Amino acid sequence: MSDFEQDMTNDFVEEANELLASIEEDFLILEKQKDNPDIELINKLFRAVHTIKGTSGFLGLKNIGKVSHIMETVMSKIRDGKLKPESNYIDALVSGADLLKKMTAKILESNDTNIEPVYERLNLIINEIENATPSISNTELQDNQSNNIDERNSKDSINDNPNIDNIEIKDQNFDNKLANEFVLDAKKIISAVEKDIKTLKTQLSNPSISLINKVYRAIDTFKSTSELLNLQNLLKTTELINILLLQIRNHQIIPEEQHIEIILQAIDKINTMLDDISFSNDMDLNEFINDFTKIINNKKAYNKPIIQNDKALQKKDFVQTEDIIENNINAVNLNAENKDILIIKPPEASNTIRIHINVLDKLMRLAGELVLVRNQQIINIHQSGGINRGIIQKLDKVTTELQETIIQTRLQPIASLFGKFPRVIRELNRKLNKEIVLKLSGSEVEMDKTILELLAGPLTHLVRNAGDHGIETTEERIRFGKPARGKIELNAYHEGSFVIIEVSDDGKGINPELIKKSALRLGMKTETEMLKMNDTEVLNLVLLPGFTTAKEISDISGRGVGMDVVKESIEKVNGTIEIQSKIGTGTCVHLKVPLTLAIIQCLIITNGGNYYAIPQINLEELITLYDDDIDNHIENTGEQEVFMLRDTLLPIIRLTENLQHPKKLTKKNKREIIEKYNQDNRFHDLDYSPDNNVYSSSNLSRELHFAVLKFGNHKYGLIFDQIIGTEEIVVKPMHTIVKNLKIYSGATIMGNGKVALILDVENIAHHSSIDFNASDTYSAKNKAKYINEEKESILLFKAGKEEQFALALPLVKRVDQIKRSEIQKVGNEEFYIKDNISIKIIRLNSYINVSVCEENDAMFLVLPKFTSNPCGILVSKIIDIKNIHITINTTTYVANGVMGTDIIENKLTLFLDLFKIIELSDPAYVANNEIITKTGMPNIEIKILLAEDSSYMRQLIKSYLTEAGYVVVTAEDGKVAFEKLCEQKFDLIVSDLEMPNMNGFEFISNVRKGNIQSEIPAIANSSLNSPEIINRALSCGFNKYIVKIQKEKLLSTVSAVIQESLNN
Amino acid sequence: MAKNLLLESNKDSNLTKQYIPFWIENKRFGIHILDIKEIYSDVSVTPIYHSNEDIRGYINIRGEIYLVADLRKLLGLQNNYINVEEKLVIFKDLLVESFGIVIDKIADVISIEDKNIEKFFTNEEVVVEENYLLKDEYKIVEGISKLENGLIIILNSVNIMQSILSKSKANQTQ
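For the protein sequence lines, the chains are A and B, in the order given. To get this note's numbering, take the position in the first sequence, counting from 1, and add 184. To get this note's numbering, take the position in the second sequence, counting from 1, and add 4.
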């Protein structure tokens, strides 16, 4: 094919596609009109099919011509009222339209396509009518079937007019309105043609082929319409013009003045006819026609058809003239840009223009640039102020409008998408034997063309789902008291810079229970996870890959590959999808899609002085931690930092570290990072004053920002320096040289003129080697406990001038503030009266070698829990309550009453053994409460297994038990305890309840169930104190339950239990 | 069209081409003027972490984002001082999209006749590993010319682009 043929064919395909798109819809509307078909609609359809027929003939697309011709015939029957637009006829026509679509899609194969079945079907319809109404002649039938272009263009055919339907158009049908429109359009066309012909006159030696083609097309369209309106004379005249033009074009005639003259004369005649259209047929043109014909025949007798279906002949024709054509091609190529702008003019669409998508894309880009320059200028002007503001405001306004208008150019009404659904519903109705009515609203809503194309698949799927799974059968609906016909509604509307599309049905809705069952069955979620979900979340489970409730797969749906693909497609265009449903009432699927692709909403942050953008769609939450929370809430597992966000464990990434390691982080890197940020966190809020070589508490509050980011099903937190704000940005792809850097998904210029890199959320996680599986499978609470294990809450205080003391907070009942004057002395003792209770005052320096308590007017009493006689430790100053790691050093300072020491805030801190001090302070107390040791069994080694996750408690309790003479083996959680039980023989278990990995309940249950030391006596030792917990502990297998920390109770219980077991 | 003319008359050895001379590290280089899109004064660049060391980052010029590379690193020269006169030479999109290189100082356009440019050959005995000037595979250096006040090293723009591209691809080990 030559370039021209190619162009023409492309034009044809575009035009045909446009026409065919609306044809189907129109046919279906016609079907609904049954007895009262809209004549305008019929004419519209007729014209559409006719146009396709016409142009296909010119291009030698035989099959397309045949099918469109027979469709046209059927249409004309309908137009005449000889045929009602009943379903089976419309079906045949629709299948004809389908076939045409198929052939235009593969235009080069169209002549080989098998059109027999469709053709026959339509033919049968015609025959039916023929036999019923014999008024239409048989010759017409024969003529209709031979659509040979040869004959059309041959001299003989002019007079025979085989392709003109001899259907009489009754006067009533000569629609005046139609005629007026035709005349107006025709005059326009003809005057343009006249101009072109005059131009052609100046090019006689080397006529422009494209110009000839242009005129030909115009005349042809004009001709078709005159044929439709049965304006015979106009028809003949235009036919003659076109034949002559073809001859000139194909170099069968050397163009001369006389040819141009006769054409111009013909145009004159046409104009006269147009002026008085109803009498045009009465004009006597015979002489003129004869003259014209003579001229045509003058140079050459052309038996050879101009275009044949025989492709070989085609090639030969054009090969000879190829050189000439080449030159013409070059001439045309000089106006290469204009190739993108083609003018195609069916009479009713003269105010549209076709533009190649590339041109629009460029316009979009330039508009984007202009927006950026405007943004810069705005900032600029704000700084300089004054006179320029007026101008800048105008610039702003114009730019915004320009951008909006350009975005509009790419917008197409969603009607083009909605258009095919009537057909889909029709099919569904047939296949599923249901009655479904489709309601469309918001068809005029416009969206970007690319997004529309991407939405086609998902929407179809949703509609089919609604029909298949949603709407019940007619009987069921009647039974439920619903209207017999189900309704599927497609609704589109604007919301901000998004378009919302709702697909809703009034069917049976989605049953959350069924979803849960299927999800369990398919292993997608566990029971516990489901318990936490609300109904909406359950419904959205259907969006997971592989999900289906269908027990069988139909060819309509059920394969479980639909909804997640829908979700993916929607998310690909930066949109969101949500499902809402009510059982028995119906379902509604909400799609939210942005108006354009290249502009996205982002969160702008800074890190290390540079700007970065995080797409809003990946952003879930923003969190700021202050002061100590920073140290306390960000934990680490040794290799990965984590943060406990409500119930989930969030892996933490530090953007700075991620950026500074060009290669993917190794485990070693991650350990180093953790060390770097977590060491000496005690010193974090301290300012170092080099003069005094002292650290002192800083008064500035610290802040740590991080964003909770998500991709797919995974979440993590990203720590960065500063939040700037949200901005709508234009995405620019990365430069080729840096395209391979995965952590960036693009770049953009922000309003302040700086370049910001857009972060790829998924790849940043990948780069930091986050193992999501580890965090997902851990039970969140257990993990948290594990991490909190090493931290204790301690009370820091001072009594004397020098030492700093600490007490484990769980041991403290409360702290009272007292006045020195209120202390009452009785002999050697001091007391404080409160609420009629005398509290014995303990001065630490009396029992331990520490400095004397400072005497202030206001002092404090630290009251311990679980003492039978009320007492309190005299304290001069309460420093703080801290929740930190402690490791008690038992070698630095050894004394009775001091458990050990640790360094807290750079000060040596003494950890008090509270019970020891109380003992020391009250010998009578000791006597009264016999500290029961291993009485009665001095020679037997009693081995106790102590399971306790808090190291402080572990040490404390171990010290009590060891002091009482027992041998203690410790375990930091139930799992370790169980292992140890399997390895060594014990006489008693003392176990905490809340432990990581395996809690106390599980531990004792396992022990009892197993066969290793399953009868061993066990004491539960927990800070919890509710009847339910106690019952649970006992029912799990504990023999006794003690509340922490009661030293004497613990020891007495231990002793009692041991005694009992020994006696057995 | 101008380009076409020049290509054709390459056969004629008396042809004179115009070059932009610039300094990096006190060495004078020249680039064919037609390979250059523009020269830009501001060198404030947004760094791109993870990129090669010869990539400086991104810069915004009139609403367009340009990549900026460091020719110094490519040529294996040391960076010893910060130069206030630094400028950006932006290449046309000859091989990849337009990007720029940072240079120390720029001078006026000069014309050099083709015949005065001596091609650069490597001496087999001299093996200098890291000096890209001498590496044949990059062929960044087209030749050397003698001017009144010194030598000028003529660089090949397309090969500069090619070598930066090759290096970035080579580092794609993620």
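It is worth saying that the hints were derived from the structure and are not from the lab. Accuracy of the hints is not assured; some may be wrong.
[Stated by the list, open to error] Selected chain A positions facing chain B (Cβ under 10 Å, derived; list incomplete):
hint : residue
1    : Q560
2    : I563
3    : K847
4    : G984
5    : I1068
6    : I1072
[Stated by the list, open to error] Footprint (simulated), chain B over chain A, 3 or more residues, beta carbon under 8 Å:
hint : stretch
7    : 621 to 630
8    : 931 to 937
Keep in mind the model is a prediction, meaning the values are calculated, not measured. Glycine included, every Cβ here is placed at the ideal spot set by N, Cα and C.
- Message: Just to make sure I understand the rule, a stretch counts as covered if three or more of its residues have a C-beta closer than 8 Å to a C-beta of the chain. Does the stretch 931 to 937 of chain A meet that for chain B?
- Response: Held - the stretch 931 to 937 of chain A has 4 residues with a Cβ nearer than 8 Å to chain B, which meets the minimum of three.
- Check whether three or more residues of the stretch 621 to 630 of chain A sit with their beta carbon closer than 8 Å to a beta carbon of chain B. violated (count 0)
- chain B contact restraint for K847(A) - C-beta distance below 10 Å: 7 Å, holds
- Message: Quick check on Q560(A) please, does its C-beta sit within 10 Å of some C-beta on chain B?
- Response: OK, holds: Q560(A) within 10 Å of chain B, min 8 Å.
- Query: How about I1072(A): closest beta carbon in chain B under 10 Å, or not?
  - Reply: 44 Å, violated
- Query: Is the interface hint for I1068(A) satisfied, with its Cβ closer than 10 Å to some Cβ of chain B?
  - Reply: 35 Å, violated
- Query: Should the interface hint for G984(A) be scored as holding, given a Cβ-Cβ cut-off of 10 Å against chain B?
  - Reply: 55 Å, violated
- Item | Restraint outcome when I563(A) is required to lie within 10 Å of chain B by C-beta distance | 13 Å, violated
Of the numbered hints listed earlier, those contradicted by the structure are 2, 4, 5, 6, 7.
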